[in-house]
Amino acid sequence: MSGAPALRVTDLAVHYPARNGPPVRAVDGISFALEAHETLGLVGESGCGKSTVARAIVGLQTVTHGSVMVDGTEIVGAGRAALRAARAGMQMVFQDPVTSLNPRMTVGAAVGEPLLVRGLARGAALRERVALLLTECGLRPEDAARYPHQFSGGQRQRIVIARALALRPALLVCDEPVSALDVSVRAQILNLLVDLQRAHGMACLFVSHDLAVVRHVCDRVAVMYLGHLAELAPRDALFSAPRHPYTRALLAAVPEPDPVAQRAKPRVPLVGEIPSPARMPSGCRFHTRCPMAQPVCRETEPAWREVGASMVACHFPNE
Amino acid sequence: MTPALAVHDLRLLIGGAAVVDGVGFAVAPGEVMALVGESGCGKSLTAHAIMRLLPDAVRQDRGYVALDGDNLSVLSERQMRLVRGRRMSMIFQEPQAALDPLSTVGAQVAEGTGSPLRQARAAVLAMLDEVGIADPARRIDQYPFELSGGMCQRVMIASALIARPAVLIADEPTTALDVTIQAQILDLLRRLAIERGTAIVLITHDMGVVADIADRVAVMYAGRIAETGDTAAIFARPRHPYTALLLAALPRRTDVPRSRLAVIEGRVPAPSEFPTGCRFAGRCPLADARCRAETPLLREVARGHLSACWHAEAVR
Amino acid sequence: MRRYIARRLLQAAIATFLVITIVFFVMRLSGDPTLLLVPEGATAEQIAALRHALGFDRPLAVQYLGYLGDLAHFDLGQSLVQRAPVWLIVASRLPYTMALAAGALVFALVTGIPAGIAMAVWRGGVTERLLSALVLAGQSLPTFWSGILFILLFGVSLHWLPTSGADGPASLVMPSVVLGALAMATFARMTRISVLEELGRDYVTAARARGLSMGAAVVRHVLRNAAIPVVTVVALEVGNLLAGAVIVETVFAWPGIGQLAMQSIFARDFLVVQAIVLFVSMVYIALNLATDLAYSAIDPRIRGMA
Amino acid sequence: MRPRVSFGIRVIVLLIVLFAAAALLAPWISPHDPLRQSLLLRLKPPGSATASAGLFPLGTDDLGRDLLSRILYGARASFIVAILSVSVSLVVGTLLGLAAGWFRGWTATLIMRFVDAMLSVPAILLAVLTVAVIGPSFVTLVLVLGLTRWPRYTRVAYAATLQVAGLPFIAAAEMAGADSARILLRHILPNIAGPLLVVATSEFGLMILFEAGLSFLGLGIQPPAPSWGSIMSAGRQYVERAWWLTVFPGLGLFTLVVCVNVMGDWLRDRLDPRSAGR
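Chain order of the listed sequences is A, B, C and D.
With our numbering as the guide, the letters of the first sequence map in order to residues 1 to 319.
With our numbering as the guide, the letters of the second sequence map in order to residues 1 to 316.
With our numbering as the guide, the letters of the third sequence map in order to residues 1 to 306.
With our numbering as the guide, the letters of the fourth sequence map in order to residues 1 to 278.
Calculated directly from the structure, the hints in this document are not laboratory data.
Since the structure is predicted, the reported quantities are computational estimates derived from the model, not experimental observations.
Every residue gets a Cβ at the ideal spot worked out from N, C-alpha and C, and that includes glycine.
Hints may be right or wrong, so weigh each one.
[Said to hold, decoys possible] Here are some, though not all, of the chain D residues that point toward chain A, as calculated from beta-carbon distances under 8 Å:
hint, residue
1, Arg155
2, Pro168
3, Ala172
4, Ala173
5, Glu174
6, Asn191
Could you put together the complete structure from these sequences and hints?
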């Protein structure tokens with residue numbers, strides 16, 4: 001792993017104007033890097049800003065400040081042409097396989113669109129490339145002539161993945177790719193993603209609220225809370241020795257599909273609700289729900305620092 | 001002992017297709033019974049059928065529901081109204097959608113008592129407090145949009161339980177909530193089941209939720225119960241290939257990362273295309289000619305553990 | 001909330017300004033607005049003199065500013081045909097149209113909204129079929145035809161009601177029903193859709209799961225939620241009723257502003273027509289604004305938008 | 001899932017086709033010249049026949065012209081005006097709505113505020129004023145109806161474009177590298193066509209009514225050219241003596257508009273899941 005990382009996000013912030021009062025700080029100064037061939041999980045609860053980060057990285061979201069470098073190209077503030085060129089190297093898989101496909105376009109036209117509009121293939125060559133992509137994603141070449149509504153949710157997600165792979169991107173951003181799918185189908189798509197990454201070796205940012213899924217596919221995991229990164233650590237470190245109290249609470253809250261283990265787990269439910277990003281708590285954003293909060297947590301925002309193999313933003317991390 | 005709720009041989013039709021077929025189970029007071037399955041397996045329709053709140057397009061042509069031994073199918077709609085809310089209640093997947101946006105929290109919780117909020121105010125306040133709503137005196141006059149999803153679900157639970165019904169039907173009560181909030185709501189439901197002796201039928205698709213809270217579980221597939229028994233027994237040794245595969249398809253904390261997950265090939269057949277014989281046969285690794293020809297009935301394979309599979313003993 | 005009101009007021013002001021502008025330019029579409037104002041048979045010199053007197057020989061921008069200035073003083077001009085201030089001419093006819101529009105609105109409300117609720121609650125039955133046929137008729141009947149048929153049937157043949165003119169309340173019945181038929185259909189359709197949509201929501205099932213009867217759930221929860229889009233439509237329909245009065249008043253010889261508009265067109269008295277168009281549009285904008293502001297008082301979600 | 005094409009709808013479509021065929025074939029199927037007057041044949045009741053002039057199936061008008069022929073030619077006028085004015089407003093309205101929904105910002109504000117203002121002036125009044133100012137003619141009628149009715153399409157196109165533009169498949173097309181033109185034409189337009197078609201159908205019925213109404217007021221198709229509205233307007237004076245002059249053209253108009261409205265409702269149920277009624 002030499003050279004520049006596949007993705008480097010520096011001090012990224014996305015603020016929305018509020019109807020009144022200060023702007024909503026949906027994403028508020030986060031930094032991380034993603035090496036080539038690596039999978040980074042980005043987890044958090046709804047409204048934490050993880051999907052906004054994903055959209056900002058591929059240039060679908062206006063950014064307030066900060067930098068997103070993909071393969072040496074700055075995405076923030078890039079012009080139309082530069083962005084279009086950069087997107088040849090990064091693609092996205094969305095959460096809802098129903099609305100990710102144009103219902104009035106055949107599967108073949110959808111999967112072939114990136115190649116066609118960039119002038120990379122047409123006619124018989126395009127059809128051949130599409131057939132290959134479909135086969136690779138577990139569909140049949142004949143499926144190219146059909147329309148999305150003729151497919152199940154899992155199959156549609158395969159089509160979406162085939163389309164994302166058409167340009168052989170170096171970076172794949174997956175925004176909750178299996179959340180809308182039933183368990184048995186979810187396993188199929190996870191297996192496919194794992195296989196494809198092995199075969200093509202792209203870097204992958206995997207956004208999800210499901211910790212079990214993230215543990216299954218990711219090398220490193222970043223935990224977000226209210227627009228900030230709470231913790232970023234290698235997978236095993238994060239799951240076996242979480243350092244941020246929020247990470248610990250999150251891990252404790254996920255019910256294990258194993259009654260013995262689940263009922264033996266210590267119960268430390270978080271009290272209270274997630275505050276609204278429009279009314280951000282002072283100091284550490286987690287202090288309103290943190291079981292270990294001290295006066296300093298209310299006043300001073302914790303620094304983003306290294307503890308062992310992990311990066312963590314907490315005054316009192318588990319060491 | 002009479003079960004708090006018993007469902008017998010329920011069959012529901014949409015058009016000509018039996019979307020729920022031969023579903024039966026019983027729940028004891030204070031017990032949590034989970035109905036688990038993937039989307040379209042009929043679990044939510046079963047819940048609505050128990051409450052007799054089925055959509056117009058669905059027809060029940062067989063089976064009945066007994067509440068504390070009373071057969072509900074003989075009741076008129078007027079009599080059934082006296083059952084709903086008082087002896088048996090229901091909560092829903094989208095708590096914010098299940099509350100009228102133009103009525104206050106208090107007015108809606110009071111509806112469960114049958115008297116207006118003015119008279120029921122003290123009871124409503126006590127109930128809001130019991131379901132863990134902080135500052136109930138302020139919340140009682142607020143509107144649903146002023147509350148978070150988790151708080152709305154607490155309000156729903158309050159409105160469902162204020163008249164002390166013996167049975168609560170919870171239709172995916174935590175699916176729309178974040179995990180930390182889900183944990184709170186599951187703790188609340190468990191506490192209420194124990195403290196009030198409420199029998200809970202929990203509809204869910206999440207095996208983790210089942211493992212956490214259910215005493216017993218019925219796994220549904222394509223409108224039928226595949227297997228049912230104690231939660232611990234079913235997780236320890238599933239006796240239906242569908243359950244076994246479903247559990248193996250879940251990534252777990254003990255797995256090797258990126259190891260292959262078990263998959264169930266193909267897809268759930270549409271109700272109009274349900275096969276004769278076992279409905280899982282088309283996707284089952286154990287299926288043989290008999291499975292495709294004859295419908296396997298639920299049979300006891302271990303004490304209290306029933307499976308609807310010809311090859312239950314061969315499931316690993 | 002205050003911001004919401006301010007925004008709505010600004011929108012209404014912009015709409016008013018644009019309507020005034022649109023009418024100004026429409027009046028000049030023929031090239032020479034003087035020709036619209038002179039009585040039939042005027043000589044070329046008379047026209048030229050009038051053009052100068054009215055300032056139509058000035059540049060368009062100057063005319064436009066003058067026009068805005070006049071309107072700002074509520075000066076709608078002088079009718080050259082009737083030799084009277086335009087506002088006076090319109091105002092003298094206004095009560096008749098108000099009475100007609102009110103009659104039509106009442107008819108449309110008391111028939112359309114219950115019909116819509118009934119169609120939604122008893123969907124799929126005979127009631128819905130009968131009512132939807134009625135609604136379809138209301139929606140498709142040309143008023144000038146139904147008006148004449150009504151006159152033939154109830155006036156000429158049965159002698160139940162006066163055939164035309166404005167002689168007491170009885171003469172208001174037929175024109176109100178004829179004019180209100182389309183609004184009735186619109187209200188019924190909107191109410192049906194709105195109630196159906198609310199009936200399908202979880203909170204209705206939840207209310208029934210608490211032991212409420214379907215009727216109680218409809219009365220306590222559904223109607224209030226369903227009312228919001230319906231009230232909007234009601235406000236919008238008032239504008240259409242005033243516009244529809246042009247035809248209905250002509251058919252029934254009802255001496256309101258609709259008839260006045262037609263008479264003025266044929267008498268080439270366009271300032272009166274312009275005043276009527278402006279007036280009806282302002283009523284429309286004002287009613288629209290009023291409903292939106294009313295919501296902000298009723299709907300807690302808007303009220304809560306600090 | 002989709003409702004099958006029912007018997008009722010088949011009948012409705014058949015009726016619309018019959019009306020259209022009558023309009024199209026009026027010159028060939030009319031028994032008489034619609035403009036030919038005869039003082040001897042004034043106000044003949046339906047079914048009258050003379051040895052020299054032949055049968056008048058629906059009778060004659062006050063100038064002795066054959067009513068059936070005038071109604072057939074009137075249908076022609078109705079269809080041509082409605083088709084042309086709907087086309088004008090559909091094209092104008094859709095383009096503006098697409099532009100507002102895609103570019104948003106001040107473009108949308110500008111367009112949508114203008115739409116608000118246009119919708120504040122009731123269309124029939126604006127049409128009456130405009131026709132009266134320019135002077136009635138066939139072209140005026142089409143342009144006035146076309147150019148006063150586009151805001152409804154703009155509203156629908158704008159709302160639909162906003163909704164579709166927010167869907168992931170549009171983001172995916174952007175990621176693929178498609179330009180705005182391709183996204184608008186290949187991705188957005190096909191997906192907002194349904195609601196626009198529904199509006200166009202209901203507008204078609206309204207335009208037929210508006211044409212007849214304006215002609216009734218003397219501001220539409222000018223006599224002696226036949227139009228349903230002007231036939232009824234002329235027949236009004238003779239309504240007690242010659243009911244057929246009012247009843248038949250009105251019945252034709254009413255039936256056609258009913259058919260178009262039923263068609264519109266059916267399309268709405270099929271294309272617009274929100275109001276599908278379940």
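Do the hints match the structure? See the list:
no.	hint	result
1	Arg155	violated, 22 Å
2	Pro168	holds, 4 Å
3	Ala172	holds, 6 Å
4	Ala173	holds, 7 Å
5	Glu174	holds, 7 Å
6	Asn191	holds, 6 Å
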